[in-house]
Amino acid sequence: MVDRTSVSAALWIAGVVCLVATLPAYGQNRIATSGWEGFATRDFNNKFDRCVLYNKSIEALTISPYDMLGITRSAKGEIGFLVFFEPSALKRGSNIPVMLRINGQQVAPLTGQALSDFHIRIAGPVATKTVAALRDATSIDATAEGKNVHFDVSDVSAVLDSLDECVKSNAR
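Position one of the sequence shown corresponds to residue 1 (this note's numbering), numbered consecutively onward.
For the record, the hints were derived by calculation from the structure and aren't laboratory data. Computed from a predicted model, the values in this text were never measured in an experiment. Among these hints, one or two may not hold up.
[Unchecked claim] Cut-off 30 Å, straight-line C-alpha distance, at most; resulting in silico cross-link-like pairs (DSBU-like, lysine-lysine):
#, residue 1, residue 2
1, K168, K47
2, K168, K91
3, K91, K147
4, K129, K76
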């Protein structure tokens, strides 16, 4: 039996893929800061959903969606993550424990939803302490289902500020 969350997640991924594929037509949704690129997303009713910035360019995202980190801010203002592993690294499912390390330090336990065999969404809300640690992050590691992915990052404070501005300008 297919649960509603899985269907919603699949539809969200399909929407993001369609949005990325048609990005020139939606240039007003594109956001960027300090080497991070992303966009504001809308649901199927054209209602603002979230803003996301990836540690790769949109062009790199469309070429290969692996080994990539996305930081999100929902319409409610909650920070979350999109973590992209290698192909076939994960089993689809919900409530998957995720260990996140920022600058080598483990943060509060998180859970995510594997939306594909390589992509997990940690929707948030993420603890205030974690968001504070993100501002000074130079490295972020994520481990789920025994698989680890490492990201060297910079200007995460600017990313968080840009996501905040994106939400303010799109959540009207």
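Outcome of the hint check:
1. K168 to K47: 14 Å, holds
2. K168 to K91: 35 Å, violated
3. K91 to K147: 11 Å, holds
4. K129 to K76: 18 Å, holds
Hint compliance for this structure: hint 2 is the single one not met.
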